[in-house]
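S.K.: Each chain, letter by letter, is given below.
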Amino acid sequence: MSETVLSLKDINGWYGESHVLHGVSLDVARGEVVSLIGRNGAGRTTILRAIMGMLDQRTGTLSVMGRDMSATPAHRMAECGLGYCPEERGIFASLSCEENLMLPPPIRAGSQMAMSLDEIYAMFPNLKDRAQSPGTRLSGGEQQMLAIARILRTGADILLLDEISEGLAPVIVQTLARVIRELKARGFTIIMVEQNFRFAAPLADRFFIIEHGSVVEEIHQADLAARMDDIRTWLGV
Amino acid sequence: MPEIFGVPVPVLYGQLLLGLVNGSFYALLSLGLSLIFGLLNIVNFAHGTMYMLGAFLAYFLLQPLGLGYWWAVVLVPIMAAGLGIGIERTILRRIYKLDHIYGLLVTFALTMIIEGLVRVWFGVSGLRYAVPDSLSGMVDLGFMKLPIYRAWVIVAALGLCLLTWAVIERTRLGAILRAGTENPALVKAFGVNVPLLVTLVFGWGVALAAFAGVLAAPLMQLTPQIGHSIIITVFGVVVIGGMGSILGSIVTGLGLGLLEGLTKVYYPEASSTVIFVVMILVLLVRPHGLFGKQ
Numbered sequence: 001m002s003e004t005v006l007s008l009k010d011i012n013g014w015y016g017e018s019h020v021l022h023g024v025s026l027d028v029a030r031g032e033v034v035s036l037i038g039r040n041g042a043g044r045t046t047i048l049r050a051i052m053g054m055l056d057q058r059t060g061t062l063s064v065m066g067r068d069m070s071a072t073p074a075h076r077m078a079e080c081g082l083g084y085c086p087e088e089r090g091i092f093a094s095l096s097c098e099e100n101l102m103l104p105p106p107i108r109a110g111s112q113m114a115m116s117l118d119e120i121y122a123m124f125p126n127l128k129d130r131a132q133s134p135g136t137r138l139s140g141g142e143q144q145m146l147a148i149a150r151i152l153r154t155g156a157d158i159l160l161l162d163e164i165s166e167g168l169a170p171v172i173v174q175t176l177a178r179v180i181r182e183l184k185a186r187g188f189t190i191i192m193v194e195q196n197f198r199f200a201a202p203l204a205d206r207f208f209i210i211e212h213g214s215v216v217e218e219i220h221q222a223d224l225a226a227r228m229d230d231i232r233t234w235l236g237v
Numbered sequence: 001m002p003e004i005f006g007v008p009v010p011v012l013y014g015q016l017l018l019g020l021v022n023g024s025f026y027a028l029l030s031l032g033l034s035l036i037f038g039l040l041n042i043v044n045f046a047h048g049t050m051y052m053l054g055a056f057l058a059y060f061l062l063q064p065l066g067l068g069y070w071w072a073v074v075l076v077p078i079m080a081a082g083l084g085i086g087i088e089r090t091i092l093r094r095i096y097k098l099d100h101i102y103g104l105l106v107t108f109a110l111t112m113i114i115e116g117l118v119r120v121w122f123g124v125s126g127l128r129y130a131v132p133d134s135l136s137g138m139v140d141l142g143f144m145k146l147p148i149y150r151a152w153v154i155v156a157a158l159g160l161c162l163l164t165w166a167v168i169e170r171t172r173l174g175a176i177l178r179a180g181t182e183n184p185a186l187v188k189a190f191g192v193n194v195p196l197l198v199t200l201v202f203g204w205g206v207a208l209a210a211f212a213g214v215l216a217a218p219l220m221q222l223t224p225q226i227g228h229s230i231i232i233t234v235f236g237v238v239v240i241g242g243m244g245s246i247l248g249s250i251v252t253g254l255g256l257g258l259l260e261g262l263t264k265v266y267y268p269e270a271s272s273t274v275i276f277v278v279m280i281l282v283l284l285v286r287p288h289g290l291f292g293k294q
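For the record, the sequence lines run as chains A and B. Once you know that position 160 of the first sequence is 160 in the working numbering, the rest is easy, because the numbers rise by one and skip nothing. Once you know that position 37 of the second sequence is 37 in the working numbering, the rest is easy, because the numbers rise by one and skip nothing.
Looking at chain A on its own, in the form it has when it is part of the complex (with noise of 0.2 Å):
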């Protein structure tokens, strides 16, 4: 197995007074694509709220690229090479296309990964005609679109993904996989939510299911035909 790039270790995290998170540990490797799945509510969002820094509080210890960031504060967690794509999309209604995807910073200059806006336009052809339109104006699709390829341009190589294929035609999230695969071609790795395991499903390495903000059980690509039992009793489908 190749090297760790995201590592946590016993985190519990917190909104105020109320305790969502109760001690997760999980690795993930150079170039994989997990995903967290589990019923709604179950912390999935919340996990990947507490690798940003999003929470209101949070301990144990978090690892990118084998250093220690659990004392990092929020607006220092991107240039460890953390793109975050939020659930909602976070698409900034003030701002036209462009501008909402040229919005995050380059985290580090030079870095392979970061993709060309050329690239992007490729990958997401919608977005180069849309580009002066206000970001709100655009359809769901496009704005699912335009958050994933606003943080391709940065150079940041983890991609958190929170729930990418909510609320989409069927068509636009058969674009989605089709992109997902590209950019683990390309060397991403991913950190996908997903509420709908049927896209999930083929898309991912592992798996780790999430309950009561935790993770209960970790289930590897090979082994999905053989707990698609137990897997449907986790989700209760």
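Read the hints as simulated data drawn from the structure, not as lab findings. Wrong hints could be hidden among the right ones.
A few chain B residues facing chain A, derived, Cβ under 10 Å [stated by the list, open to error]:
1) Arg-172
2) Ala-175
3) Ile-176
4) Arg-178
5) Thr-181
6) Glu-182
7) Leu-186
8) Phe-190
9) Val-194
10) Leu-290
11) Lys-293
Even glycine gets a Cβ: it sits at the ideal position worked out from N, Cα and C.
Following the hints, put chain B in place on chain A, whose structure we already have.
M.R.: Relative to the frame of chain A, chain B by itself:
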């Protein structure tokens, strides 16, 4: 002498000019207030105090320090920004997550403290600050005589307003600022030092207010209370224009200044209340203000 609705034309123009001058101050102040509310989520009651402080700092630079008007134009906004940055770092930073009312209370307290200090230092009797020689005198425009200083006030204030607007709407820094107003947590997650941005915006807003104070100094009797009367009007302007709209602040500030000027000509009794009448009407019809977004 020609008249419009029974008012001699030169008198009308004179009042409109005065309205434009006041409108320039409203625009400068409401712009800063709006910026600060957008990014810091704080209703800065101390904004009028910063305007007052700007005027008194100009006075202080002249006497005892002997530094004239142009020094004040440059130095006072910098000094005020420094004070603002200090206040943001030590006090305001602690209350962002709390309800708006705390921000209002804290800045009200700051108002009382700063005003008290100014009263101790300069006294309560009105001080005079002379119009600088380089800007004194009149130009005859044919239809009216234009005092050069008033023309300078309008040009300088509007220039600074438009500069601020251009930076916010047309530059990358401005895009980050607009994004930070919408969703600061996400902008932080992209690696932008939002706390630093917040500090700088507060400093800039305070500098605009202090600059307005310097511009106003030669036009009035300087007393520690001048911040009070203007901040109430400026709150009205911000409510009418819509919190958070930059262009709205500028246009509304100027428009209401002119309206006030016209009211002084035709129905002077209402001149100090007309803005609040408009405010009530606007709140009834468009609760988010003329330029505000839902």
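S.K.: Taking the least C-beta to C-beta distance, is Leu-290 (chain B) closer than 10 Å to chain A?
M.R.: Where the cut-off is 10 Å and the nearest Cβ of chain A is about 17 Å from Leu-290 (chain B), the hint is violated.
S.K.: Does Phe-190 (chain B) pass the interface check with chain A, least Cβ-Cβ distance below 10 Å?
M.R.: At 4 Å from the nearest chain A Cβ, Phe-190 (chain B) passes the 10 Å test, so the hint holds.
S.K.: With 10 Å as the cut and Cβ atoms as the points, is Glu-182 (chain B) at the interface with chain A?
M.R.: At about 5 Å, which falls below the 10 Å cut-off, the nearest Cβ of chain A leaves the hint on Glu-182 (chain B) intact, so it holds.
S.K.: Quick one, is the Arg-178 (chain B) hint okay against chain A at 10 Å, beta carbons?
M.R.: At 4 Å from the nearest chain A Cβ, Arg-178 (chain B) passes the 10 Å test, so the hint holds.
S.K.: Next item in the hint list is Ala-175 (chain B). Is there a CB on chain A closer than 10 Å to its CB?
M.R.: Constraint on Ala-175 (chain B) satisfied, holds at 5 Å.
S.K.: Was the hint right that Lys-293 (chain B) lines chain A, CB cutoff 10 Å?
M.R.: holds, 8 Å
S.K.: For the hint on Leu-186 (chain B), just tell me whether its beta-carbon gets within less than 10 Å of chain A.
M.R.: holds, 5 Å
S.K.: May I ask you to test the interface hint for Val-194 (chain B) with respect to chain A, counting a Cβ-Cβ separation under 10 Å as satisfied?
M.R.: Where the cut-off is 10 Å and the nearest Cβ of chain A is about 6 Å from Val-194 (chain B), the hint holds.
S.K.: Holds or violated: the hint that Ile-176 (chain B) contacts chain A, with Cβ atoms closer than 10 Å.
M.R.: holds, 7 Å
S.K.: Per the CB criterion, is Arg-172 (chain B) less than 10 Å away from chain A?
M.R.: holds, 7 Å
S.K.: Have a go at the Thr-181 (chain B) hint: is there a Cβ in chain A nearer than 10 Å to its own Cβ?
M.R.: Where the cut-off is 10 Å and the nearest Cβ of chain A is about 7 Å from Thr-181 (chain B), the hint holds.
Against the hints set out earlier in the document, a violation occurs for number 10 only.
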